[in-house]
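Model the placement of chain X on the given structure of chain E, informed by the hints.
The listed protein sequences correspond, in order, to chains E and X.
Taking the numbering used here as reference, the numbering of the first sequence is continuous, increasing by one, and the terminal residue is 264.
Taking the numbering used here as reference, the numbering of the second sequence is continuous, increasing by one, and the terminal residue is 243.
I should point out that these hints are in silico values taken from the structure, not numbers from a laboratory.
Predicted, not measured: the structure shown is a model, and the values here were computed from it.
All clues stand as given, with none of them false.
Using 30 Å as the maximum straight-line C-alpha spacing, the simulated DSSO-like pairs for lysine-lysine come out as follows:
hint, chain 1, residue 1, chain 2, residue 2
1, X, K105, E, K193
2, E, K200, X, K105
3, X, K105, E, K201
4, E, K215, E, K201
5, E, K193, E, K247
6, E, K223, E, K207
7, E, K200, E, K250
8, X, K132, X, K60
9, E, K201, E, K247
10, E, K128, E, K201
11, X, K105, E, K128
12, E, K84, E, K223
Simulated coverage check for chain E against chain X, where a stretch passes if three residues somewhere in it have a Cβ under 8 Å from a Cβ of chain X:
hint, region
13, 71-82
14, 94-102
15, 154-163
Just so you know, even glycine gets a beta-carbon here, dropped at the ideal spot from N, CA and C.
What follows is each chain in one-letter form.
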Amino acid sequence: MKKLLALTLLGVVMTTATAQARDTDEVRLAIDVPYEPFVYRTPAGELEGFEIDLGNELCKRANLDCTWVEQSWDGIIPGLLSRKYDAILSSMAITPERENQVLFSIPYYNTPSVWITRRDRDIDINDKDALEGLSVGVQRGTIRDSYVTQMYGDTLDIRRYSSSQDVANDLVSGRLDLSFEDYPLAVDTFHFKDDDSEFKKIGESIKKPVSIFGKGAAMAFRKRDRELAEKFNQAIRDVYADGTYEKLMKQYFDYDLSLPVGEK
Amino acid sequence: MEQLNAWFTELLSGNAIFTANTLGYYLDGLGSTVRLVFLSLIIGLVLAVPLAIARGSRRKWIKWPVFLYTYVFRGTPLLIQLYLIYYGVVFIEGIQDTFLWAILKDAFYPALIAFTLNTAAYTTEIFHGAIKATPRGDIESARAYGMSRALMMRRIIMPSAFRRALPAYGNEVIFMLHASAIASVVTIMDLTGAARFVYARFYAPFDAFLFVAAIYLCLTFAILYLFRYLEKKLLAHLKPING
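In isolation and in its complexed conformation, chain X is listed as follows:
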């Protein structure tokens, strides 16, 4: 560790911008970005599964509210949703006296809520499409076995739908990572926040933003690689035999 430190100091000497201090900001920013994106994706995913099933329901009073939700959240910019949740809720009468304020007071949770609701809306539509695309034969076979609707959902429809949704969902994960760059407008020191801070301090846009772009690129490649691996594993049975 000592050695690494010395090596780092050596590497950075004679460089005004990338000192151990500013790199610390980038590192903290990386932590915030990863935490924010990871949590919103996980919670969004958990929300999206029942919502996707509800979205495909035949009952209008189940189907339409979900449709309305995905329609609104996919139809408006995430930045606006974030502004509404961060700055907007302040103006709700009496909100500061409720337990909710403890959560909303921080910048992190409003951002997490906005991101989660946004990704849940997109993921719901992705899953809904994948469920709808279940081959009729699969469903008829399941019926022939006498499966109940719930069992059929669990054993036949959902597993195959998840597999089909995988490539589209991989894109959503990457979009979410990139969209998270707006977190810095509500004072969160994420990667972009760190870059803006360094930029504002040294007026060196290329150094500050190219560096952070490289970090985002690495994260994107890591996500791509992960989904490649998952697809290869989970969709192996769909590959052409001599492909």
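The following block holds chain E by itself, in its conformation from the complex:
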């Protein structure tokens, strides 16, 4: 504790010495829990996951004293703008609409989205006529919501849910025919890779168009906090460069979600 205090004090001295804003030494990072394996709580209540580890690593490198703030997804940008925390590190994909509101760091990962249905169903996702009148469940306000709204608004009956667990429930019960879900989230919620899973993935994994799916997930800051964003950008480049990113990634994933560094 004393050490931490000393470090913080040192940080304060250093930052005031370089005449930086006071709020850069203590940074509150917002995260939407749970989103395994990116972030989840252990039975003991501790926050854990890829993004927690990555965030802590980035903060260490940028010499920042970070704390985590839990915030549900649909209020996460307004919370940032109203200064409830200083940055979002919660798998937020970069999109033009969001760029109007916030300042993004360079992206730190990118995952595709997938179509999920029940194992006993036979649906050809590329046959638009066959999709007519089928229902699809998505999480409200996500890029998957934008994608199905834009691409399948006239074909599919789109139902919007607050959580992907609710989507899974209604897919099991037969209220829904399809779900369109983020790949890691689908692995976690629908367990479609397991042999005894009730669900399966159909069609290709989808990462395009970039106008909807964005350029990957990045941290988000208030537009004025350019310096803070730049610190994290440098830290992201660093963890990529020295292999720390890959080490962390392999701890949690059996697939590659890294990006060419600096791609935006």
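Then chain X, alone, in the frame of chain E:
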């Protein structure tokens, strides 16, 4: 119509959020909300009349089940009732093989059932109170005329009870409209659902929610106005002469 369209496009140009597209969502939402609230109120009202009479019965086996029903539905949040009916019934063994599933599969009917049962419980209590408040003199006069209990109910008690219940029932209608805002949690695109959708898309809470608040306000005023009118008409004989 063409002209109106052109005028609308002109009005909305230079505005990122309220495009013809998002306004369409609000309009659909208005339709869902009105349909849901109107149907649940009508069915709830039809259920509430016999239930209110039963609630006032002297026979315990008639009275207590109704009391239990209104007690449970008034004592728990509507949101919980909706969750139980929408997500809960899925877990009833074999329900998906019965004809009921065709109804419960949709989001609309579970919501309608929850709303109807809820408003019926409140309306039952409102009517029960109004029936109980019937002046003794009215009943004695009816008896003196030799009316049977059923006739007395139809001609004397119910009409006067309806009138007395009117102001309280007007409130219930407004409460129901406002309570219907939770329909969007089970994926119904009602007014609130439309607002949440627009909000989630543009991250503009004030634009999305103030607009929808204004629509709710208009609906509330329409209901208020309707009940004012009904009260003025039906309760005219109760007004002080020089009032």
